[in-house]
Each structure stands twice: as structure tokens, then as C-alpha cells.
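S.K.: Listed here are the chains, written in short residue letters.
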Amino acid sequence: MDGERRGNTVLQVSETQPEDLFLKNKEKTEERVSVQERKFFRDNSYLVETRHDPREGKAEIRIFKNGKLTSSKNIKLSEQEAREEIKRKLEVYHRVECSLLDSVFKMYGKMEGLKDGTAHHRLGEVFLGMELLDEAEEQFLKAISKAPDFSLAYNSLGLVYLRLGKKDEAIKSFEKALKANPLYADYLNNYGFAFMEKKMYSQAVQQFEKALQINPRYEDVYLNLGFCYLIKSSSADEIFSDSNKILAFNYFKKAYKVGLKRDPRIGKAIQKARDWEDLSRLYMLLKSNLEEEDSFTLKSLCDYFSLRFKYDADALSERELSDYLFLLNQKIGDGGNYPDLRAGLASAYLFYSRFLLRLARERFLREKDESVSLPNLSIVEKFEQESDDMVNAIGP
Amino acid sequence: MQKEKISQIRVWSEKNSRTCDSSLNSLLATFFENLRKFHEAFSQMDLALAKNPQNGNLYQKIVWIAYQAKRLDEAEELLQSSSARHPEDYRISRAAGLAQLLKGENALAVKNLQKSLELKKDEEVTHFLLGYSLLGLAEKNMRNTDSGSDPLGSIQDELQKAGEMPFFKEDSDFQEGKELLNKGGFPRSLDKMELVLRRVRELQVEPASFSCLALSFVADEDGIDQNEVDCTIAELKKKCEQGKEYPEINNHLGLCFLILWRSLFSQAQNQLGLAVKKDAKFQKARTNLEIVQSSDRRISALVKELKF
Numbered sequence: 031m032d033g034e035r036r037g038n039t040v041l042q043v044s045e046t047q048p049e050d051l052f053l054k055n056k057e058k059t060e061e062r063v064s065v066q067e068r069k070f071f072r073d074n075s076y077l078v079e080t081r082h083d084p085r086e087g088k089a090e091i092r093i094f095k096n097g098k099l100t101s102s103k104n105i106k107l108s109e110q111e112a113r114e115e116i117k118r119k120l121e122v123y124h125r126v127e128c129s130l131l132d133s134v135f136k137m138y139g140k141m142e143g144l145k146d147g148t149a150h151h152r153l154g155e156v157f158l159g160m161e162l163l164d165e166a167e168e169q170f171l172k173a174i175s176k177a178p179d180f181s182l183a184y185n186s187l188g189l190v191y192l193r194l195g196k197k198d199e200a201i202k203s204f205e206k207a208l209k210a211n212p213l214y215a216d217y218l219n220n221y222g223f224a225f226m227e228k229k230m231y232s233q234a235v236q237q238f239e240k241a242l243q244i245n246p247r248y249e250d251v252y253l254n255l256g257f258c259y260l261i262k263s264s265s266a267d268e269i270f271s272d273s274n275k276i277l278a279f280n281y282f283k284k285a286y287k288v289g290l291k292r293d294p295r296i297g298k299a300i301q302k303a304r305d306w307e308d309l310s311r312l313y314m315l316l317k318s319n320l321e322e323e324d325s326f327t328l329k330s331l332c333d334y335f336s337l338r339f340k341y342d343a344d345a346l347s348e349r350e351l352s353d354y355l356f357l358l359n360q361k362i363g364d365g366g367n368y369p370d371l372r373a374g375l376a377s378a379y380l381f382y383s384r385f386l387l388r389l390a391r392e393r394f395l396r397e398k399d400e401s402v403s404l405p406n407l408s409i410v411e412k413f414e415q416e417s418d419d420m421v422n423a424i425g426p
Numbered sequence: 093m094q095k096e097k098i099s100q101i102r103v104w105s106e107k108n109s110r111t112c113d114s115s116l117n118s119l120l121a122t123f124f125e126n127l128r129k130f131h132e133a134f135s136q137m138d139l140a141l142a143k144n145p146q147n148g149n150l151y152q153k154i155v156w157i158a159y160q161a162k163r164l165d166e167a168e169e170l171l172q173s174s175s176a177r178h179p180e181d182y183r184i185s186r187a188a189g190l191a192q193l194l195k196g197e198n199a200l201a202v203k204n205l206q207k208s209l210e211l212k213k214d215e216e217v218t219h220f221l222l223g224y225s226l227l228g229l230a231e232k233n234m235r236n237t238d239s240g241s242d243p244l245g246s247i248q249d250e251l252q253k254a255g256e257m258p259f260f261k262e263d264s265d266f267q268e269g270k271e272l273l274n275k276g277g278f279p280r281s282l283d284k285m286e287l288v289l290r291r292v293r294e295l296q297v298e299p300a301s302f303s304c305l306a307l308s309f310v311a312d313e314d315g316i317d318q319n320e321v322d323c324t325i326a327e328l329k330k331k332c333e334q335g336k337e338y339p340e341i342n343n344h345l346g347l348c349f350l351i352l353w354r355s356l357f358s359q360a361q362n363q364l365g366l367a368v369k370k371d372a373k374f375q376k377a378r379t380n381l382e383i384v385q386s387s388d389r390r391i392s393a394l395v396k397e398l399k400f
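Order-wise, the sequence lines are chains A and B.
Going by this note's numbering, the final residue of the first sequence carries number 426, and the count climbs one at a time with no gaps.
Going by this note's numbering, the final residue of the second sequence carries number 400, and the count climbs one at a time with no gaps.
Keep in mind that the hints were calculated from the coordinates and are not lab data.
On a predicted model such as this, the values are computed, not experimentally measured, just so you know.
C-beta atoms are modelled at their ideal positions from N, C-alpha and C, and glycine is treated no differently.
Any given hint could be a false lead.
As the list claims (entries may be wrong) - Okay, the calculated beta carbon distance ranges per label pair:
hint, chain 1, residue 1, chain 2, residue 2, range
1, A, ARG388, B, ALA393, 20 to 26 Å
2, B, ASP317, A, ASN96, 48 to 54 Å
3, A, ARG388, B, LYS370, 17 to 23 Å
4, A, ARG388, B, CYS323, 48 to 54 Å
5, B, GLU286, A, SER352, 41 to 47 Å
6, B, GLU382, A, GLY97, 49 to 55 Å
7, A, SER232, B, GLN318, 54 to 60 Å
8, B, GLN318, A, ASP324, 41 to 47 Å
9, B, GLU382, A, GLU268, 54 to 60 Å
10, B, GLU382, A, GLU227, 42 to 48 Å
11, B, CYS323, A, SER352, 55 to 61 Å
12, A, ASN96, B, ALA372, 33 to 39 Å
Claimed, not checked - A few chain B positions that, by computed beta-carbon distances, are all more than 12 Å from chain A:
hint, residue
13, LYS203
14, GLY255
15, LEU272
16, GLU286
17, ASP388
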């Protein structure tokens, strides 16, 4: 109840025009642009800040919870966008982030009475994508309480614990996930990573090797394995004088080979690698390459929207959907050729298209010539029925 | 318009124009008119009227097309026979008035337009046509030094009534024509009003962009460009703001939204197809694709029943 009351406050705050909040530091030779919006939920204050600093050459969205920075996401802007359209672009990204924050809080209230563990898990993943770890933990725990064998929820909870630095709890969570589903390469990789964080490299290597048996093209695992061997090696000698360094080098090469993204800097770094320092640099390049490819946040957004399609369809606004379509199309346009993103995009198109049926119906109702409007209205009704049936059949 | 699209619509027209709904013949007429193929446009209107002689909206259109095809006599014949069948339809007598006006028979035009106003008062476009016919008549009389009665008051009166419509209020030629008339410049006022007449005709029928879009959609549901639909919707909405004389505009806007809906539907199918192509084991995407494809088949059958 308290959450709902606070939720209303959130809406009032979000009605403020972002343009009014633009801060321009005119004293500087280059103009820094930032927009901020504060929201309240369950005794917590959340500040969304979207900013562009030309001196740093980057745009980003940051979320602060109770004054503490929780997440920071870079916004990819082309040179032209950064030059000409920065204010408009920032407004769009800012609006999308704020509207997402509003909607997850609203969904939070709506989910209380549900017995659907998957739904809590999906909401938790959005919180995790925003690095709101307490909220994510709460949702994953609820998911587990409603579906005790839900391996995905244990895995996600483990990721939260890892980010909170609770390594032992993370290990326990991954163990529970693997108990429920032992053949999932992701869980084994995360389990291994938790050991890696605890500097228990032999145990980590064991888990990574198991993961590769299930998925021999798992880029992250090769990278993690390489890191384990690199850290075990001495930093003094050349690569080929030490078996650990040779193993690390081979795993890094393999990671690049199975990875989707080609980067000439990495190809060059592989050719020139001679010693421990070169290998460390290669690891850093591969790691940043992998992070750029990461689509976790967007995938969690796809899952979240499919959740809303199921439980919150009537409250979904056209703008929310078109913003969601904008993000998905942009990721796919940037080369994110992931099948699950495309499936998410397809569902979004099908949902969005229902607004168009509504608009068509409104126009036919206004048409005075009944010889055309009545048959067309009857056909639109059939389209609406067909569309509803299809969306229900597709499901979240 | 792209050559490919033109030839696609032409092929469709050859195959279907005899059997299709009259509204599609009317759209084909606009399509051919836009290509300046006035005789083909006239034939399509002839077909449309033969299939649906009760639709008064079609008459205004055939008159203008007949004028461009220099076949006004045929149009007038059609109008006379229809007028006998539907004496109560104000649109037929107005179209007859327009045909006579375009032939330069202003006195006859005035009679028909007055009759149309008796059948339906407060039709701004009819008031304009009547004002314009009277203006032409006054100008002729001046040239023939036939003093007659002073027509200025009646012309001003008709144009004043026409001016109630937002379209005329915002038209600079109409406003200038009225001012010239007040100053007694009949011939120059007539020139201005002739420009307005051409735009009035455009206001009364669907834009060429809609006819092309609708016909492309009928000929090939999947080959629609979203930008084209967006532009047509914007054009139709602008027309809506201008006036009330385009009777099926809401139906056409509704159809545009349906065309956009189909386009998104195709995109959803494409995305699912690409997801399955990229990952053949992606069972959920495969199942969803099957659901969407099966739904698409049922929807395609219904699309054929839409009234354009």
C-alpha cells in the first residue's frame, strides 16, 4: 500500500518536463549537458541522471539510490549525433530509463498476489540490469519461494551475491542452481567465476572445463580459463617458457576465435604477444570486447516486456512500446544479431500493432458512409480477435 | 512513383478491374489520372459508376476526369441519366453544374447548383461553385456590355457562405479573389477563383498517394513501405483539418492504419524467421513463427473483404 502511494508520487515527479531540468555549464568552453529526475519508492530515493560530457567524450545514464551511485550505462552516440542531436538523444534515453523505472515499481505492486515464480524472476532481472541489487535479490528470493526448483532464479541470485561481494552465498546459490539443472553451461561458468573471485583457481578451472563440455563455443569460459592460467603463471618469463602462460594464451586465442565480434586490435595483440604483460593486455581487450557484445540488459528488458504483455497489457502505453521498439531496433541495427532479441522484437511489433487496430477502429466509427464503415468495422473486430488470440498463444 | 510499382498496379488492373469493387475502380482512376492517362482514368470511373450508380461521391470525380480527357459530353450524359434516377441526390446536380461550368455553360451551371443547394443547404463547396459560376457569368456580361442586374451582391453572398469552411478561410487565392471582386476587378478575381477551383477538386477526392498505397496493398500486401504509409496518413490528417468535403476520408485513414498494422505484422514474421534461421534449435521462436504464419493466412483472407 505504501509502495502504491509512493508510486503516485513517482508519477507526479516524472511529469516534470525534462527540458526544464537541463543544466548547462556555460562557463566551460565545451558544454556539458545533463538531465536529472528524482523518484521515490518504498522509503528510497532514486535519481536518474542522463549526461553528456564532451571532454570525457561519452554519454551515460546513471542511477543513484539514496545518493549512492548504483549503475552507470554508456550510451552509444555516433559522431554526428554527439555534435548535432545530443540534447534530443539524451532526452529520449532519459525518458526511456525513467519510464522503465516507473513501470518496474508499478509491476512490483501488481506482482504481490501472483503465484508466478517466473514473473518475479523477470522483474528481478530488470532490477539486476539497473544494478538495483537489493530489489533484484528480493525478487529472486520471491521467485524461489514460489517455485523452489527454479534453477534460473538461484543462478540470478548467485549473480546478485557476486556483485554484492558475498562470494560464499554466491557459491551456495550456484550449487542449488546446478542441483536443479546440472547441464547448464551458464551456471557452471558462474560457479567457476565465483571460485575465481575467491582465488580458488583449481576449483574454478574444474567448473569451466565442465562448462566447455556442454558448450564448446562459450567465449566467456575460454576467457575465464585463460585468466586462471595467467594468474597462476609467473610474470617474469616469456610466454613459451611457462606451461600456464601457454595455456592462457591458447585459451585467449580460442575465446577470440569463437567470439562473434572481430576487432583488428585483438588480432594484432595476439600476433605480438610475447610476455605476461602482453597477455594481460590481450585479456583486457578481449574482456572489453565481450562487454560490448553483452546484451543482458536488453534481454532482461525483452523478458520484462513479455511479462507486461501477460500481466499488464492494458496499462502499456503506446509510447512505452515505441521506446522499447526503439531500443531493440537500435541494438539489432548496431549488429546485435541475437535470435532472442529478434524474437523479442517480433513480440513487440505484434503488441504495438494492436494500437494501430484501435486507431483504425476509431476512424471507421467516425466514417459517415455506412456502406463502407460497417463492413470494415466488422473486419477490424475479427482482426482484433485474431490478434488477441495470437498474442495469447505466443505467451511470455 | 517507382516504375515497378506502376507496372505491378497496371498488371493488377488488367486482371481485376472488371470484377473488383467499384471503390477500387475509383482508386485506379486516380492512379491513371496521376499518370496523366485520362482516358484510362475515365474508363475506370465508367466501370465504377456502372457497378455502383447510387454512389453520389463518384460523380464529382468523373466530371473532372472527363474534363481532362475532353469527354465532358459523355460525362454529362451519364449525369443526366443518373439525375433522372436519383433526383434527390444533391451531389449529382452539383456534379452536373460543375460539368456545365467547365464547358463554359455558366447559366445552366447556375440552375443545377441552385437545385443542389435546394436539396442540401449549407454546402460550402456548392456555394463556392455557384459563386464562381455567377462570377463567370458576370464577367461575360461585362464583356458583352450587357448591363443586366448587378450580380456583385449574389456572388459575394455565395462566396461568403463558402468562406465558412476552414479550407477557404486559409486559401490565399480565395481571399485575394474576394478582395479583387469587392474592388470590381471581375476578370482578375475569376483568375484567382479558377486556381481555387482546382484545389477544391483535390479536396474532394482521395490524394494520389492514398490511391497508390491502397492499390499497392491490394496487389501485394507485403510490399509496403512504412514511410509511404506514414506520409499518406499525414496527408489525410491534414485534409481532415482543412474541411469536410472528402466523404470517405475516415474510411481511408482507417485503412491506412490497417495497412501499417499489416506491415508491422510482416516485420514480426521476418524477425521470427531471422531468429529461427540464426538458431535452428530456438524452439520458442519456431513455435511462435508457426502461430504467426497461421494467423497471417486467416488475416489475408479477411483483408480481401475490406471496403476501400
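S.K.: Take the C-beta atom of ARG388/A and the C-beta atom of LYS370/B, compute their distance, and say whether it sits inside 17 to 23 Å.
M.R.: Violated, since ARG388/A and LYS370/B (Cβ atoms, about 33 Å apart) do not stay within the stated range.
S.K.: Mind verifying the non-interface call on GLY255/B? Its CB should be farther than 12 Å from each CB in chain A.
M.R.: holds, 23 Å
S.K.: For GLN318/B and ASP324/A, compare the CB-CB distance with the range 41 to 47 Å and indicate the outcome.
M.R.: violated, 30 Å
S.K.: When you look at the beta carbon of ASP388/B, is every beta carbon of chain A farther off than 12 Å?
M.R.: violated, 9 Å
S.K.: Test the statement that GLU286/B is away from the interface with chain A: the closest C-beta pair must be farther apart than 12 Å.
M.R.: holds, 30 Å
S.K.: Within 55 to 61 Å or not, the Cβ separation of CYS323/B and SER352/A?
M.R.: violated, 18 Å
S.K.: Please check whether GLU286/B and SER352/A have a Cβ separation lying inside 41 to 47 Å.
M.R.: At 45 Å between Cβs, range holds.
S.K.: Per the hint of 42 to 48 Å, is the separation of the Cβ atoms of GLU382/B and GLU227/A within bounds?
M.R.: holds, 44 Å
S.K.: Indicate whether the distance between the beta carbons of ASP317/B and ASN96/A respects the range 48 to 54 Å.
M.R.: holds, 49 Å
S.K.: Taking 33 to 39 Å as the stated bounds, is the beta-carbon spacing between ASN96/A and ALA372/B within them?
M.R.: Given about 48 Å between the Cβ atoms, the range is violated.
S.K.: LEU272/B clear of chain A by more than 12 Å, beta carbon to beta carbon?
M.R.: holds, 36 Å
S.K.: Beyond 12 Å from every chain A Cβ: check whether that's true for LYS203/B.
M.R.: Holds, since 28 Å exceeds 12 Å.
The earlier numbered hints that this structure contradicts are 3, 4, 8, 11, 12, 17.
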